[in-house]
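*Asks:* Residues per chain, in single letters:
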Amino acid sequence: MQGELSLTTAPPRGGSDAPVEAPTRAQRERDLVARFRRGDQEAFEEFYREFSGLVYNLALRQCGSREQARDLTQEVFLRIFKSLSRFRGQSSLKTWTYRVCINHCRSRLGRKRLPTESLTTDDGERELLDVRRTPEERAVQEDEGRVLSDALTEVEPLFREAVVLRDLEGLAYQEIADVLEVPIGTVRSRIARGREQLRRVLGAGGAE
Amino acid sequence: MTVSSHPATEELSAYIDEELERRAVEDLDAHLASCLECRHRLEGLRRVVAGLQRIESVAPPPALEEMVLGQLALRPPRTLAERLAARRRGSRRVRSYVGTIFAVVLALVIISLLFTQAVQRRQGAAVEAGEVVPPADSVEWRAGVDRQRIGERLFARTAGGWIEVGVGEPQRVLGANDPERAELLRTLPGLEALAGAGAEGESQTPTRIVLEWRGESVALELSPLAESRR
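Chains as they are written, first to last, in our numbering: chain A, 1 to 208; chain B, 1001 to 1230.
Chain B with its partners taken away, still in its complex shape (with noise of 0.2 Å):
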């Protein structure tokens, strides 16, 4: 190595630390013999390196071990001190449970409106409410009339019989004969109370019930006590 071809940086750190070859060891030496702005550049670095080595460790705070096995539940507090750093990281906790109550509240209050909602839209929200509304194509209406609910249907009787609210024109008629008038009768028995229902002893007259049934408008006409005999 000549005066001309100065060492890196990198050769002059690893020197300091011992960490070249003895060969590099050796040409670093005769340059640094003959080369007085390199010996200044490794005096600069010796310096720096010394001052490093000279700066102390410094003590973890006395509380970190508290907070640390305390987070991970390992003991106990112990020193009052402790035991306090404990009690705020209690009453974090807590108020990290209230706000994590509060949301779930929030979650549950916001579900159960658009549930409710949901239910009313299909049960004729507007007639829930006390002004009724006739179905988009009811055949006849007459308002003021009663209501009656068959669990979660809603019915409303007009002067042709009781329509399920929301439930248009028939599409079909399900006759005396028709099997799936015996199961509907099965699936909502509360329909023969509906036919009795307001009938002021005119229970031998046939009630036409419209309702929705298996997803189209279907038609029955029906009497409890013709039915009973069935």
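If we strip away everything but chain A, and leave its shape as in the complex, we get (with noise of 0.2 Å):
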């Protein structure tokens, strides 16, 4: 979801070019958070920008809600700046990151159920546009987004944030398993339970 990242891993399934993206992104982690353990200001901020809008987006598909979503964020960058400093470059930022979001929500929101807001209308943020797509084709898609959004909120919260890391956020099970810290199968388990119940609120074929 966040192609322009520059700091962030290589797709998950891309393969060939990671052995040589991979060094160059772990270098540019580890320069950035010196810079930020020396104090130099714009080292959070490019923090912010490389990273504002993952972090934005798990939390609004965990709680459902762009004004709550608004709010974790906040937070999860006040709890982000408080211990940037101790990272020690044992993961990648970006998986470093997701973790702190997926912990901090899971401390806010609990197992509560999710509201039904849907996350899809434009209530004055914008969307990111694809270009390419006729207005029609954008109708036909933000109703097929909306309508898998409110289902998504159906699902159990531990299956929804595997789901939502792996589908959405379009995480390998290995980078999954590194931000719940869980085993690679607790993860396989998750995602696939996770499709199941949205397969069933959306009666999307395919009855047992």
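I should point out that these hints are in silico values taken from the structure, not numbers from a laboratory. Mixed in with the good hints, there may be bad ones.
[Said to hold, decoys possible] Where chain A lies over chain B, by a calculated footprint (3+ residues, C-beta under 8 Å):
hint, region
1, 1013-1026
2, 1047-1055
3, 1060-1066
Glycine residues also receive a C-beta, built at the ideal position from the N, C-alpha and C atoms.
Reconstruct the complex from the two isolated chains, following the hints.
*Replies:* And the structure:
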């Protein structure tokens, strides 16, 4: 989803260019954290611009409300600001940011059911437009997105996290395992159960 | 894999993500070729996944950057909207300061009240209120007499001399040669003035003073002149 990010990892299934990309990204991340430790204020601004979309969208899918997503994003960045200097680079900065965000959302939201506010209506916030689509195609897509977003709120939080990380954020199973700090088998199971719950909510065929 | 052993949803889901081992993929392909029901399930899951992948990112609200970075005081507001947001945040901060100051003042008032009450209890609040109350076992008490304060101690004049308010019958008398007497007079030099207070020219007559000294009630006879000669 965050294709413009310069610090983030390569697409999970991109494969061939990963060995070239990884050291550069890791070095850039180390530099950024080092600058932050030295008190370079611009470093955190850069960090915010790189990851604000990621955090906001992840929070939005977890809480189901734009207003609450704003609050959660603010809180997540406050947490990150306090702990970024302790980042040791054992995972990528993106994975670490996802983890902080997921953990914060869990602690704030618990297991309560999400509100049914539609996440795709445009109430003043700009959607990321795909200029290749015609208005008709976009309308169909928005309708479909609205239905799916609403259905996503029906999914159990643990399964929803995994599905969002996989299908909306495009993370590989191993990356999701790193973010959620669970075995890869658990990731596989949560994704499948989340998708199955969605399929049932949507009535998307294939009765058991 | 046969038609009778349908794959679990987990396998179908991992199949979509190409996360199955090659052997498992071959088995599943073989099963799907002969099982309409599982092809239907797989198709349903594929539609869910494809739909999710088409959900677009939502751009964070523009004001959020100022909220986050402003909250961390990393940069001053730049645009009018940012300045207004900062002002709103500032007023919230002022309100929180007012609340904090109010709480601190309230706490200080309560503490000072408690402290005053404790002091009054010690000095005999009833006497402070104007009503002269004799100590519990005073030898003699005359209402309406003078009161004198030495430091934090309050003394009332009775027919028998000066008695520190709240102090009972003396347990011992500090004689003229008692070393504690000199120490007491050094500690409370105002006692000599007390001895002369209201003596109306009878300063030669020793005045009896009863007071608390090191946790017990003591009495001493005191003449300012005599003490000053000493």
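*Asks:* All the hints need checking, so say for each whether the structure fits it.
*Replies:* Now for the hints, and whether the structure bears them out:
1. 1013-1026: holds (count 5)
2. 1047-1055: Since three or more residues must qualify, the claim that chain A covers the region 1047-1055 of chain B holds, with 8 doing so at under 8 Å.
3. 1060-1066: holds (count 4)
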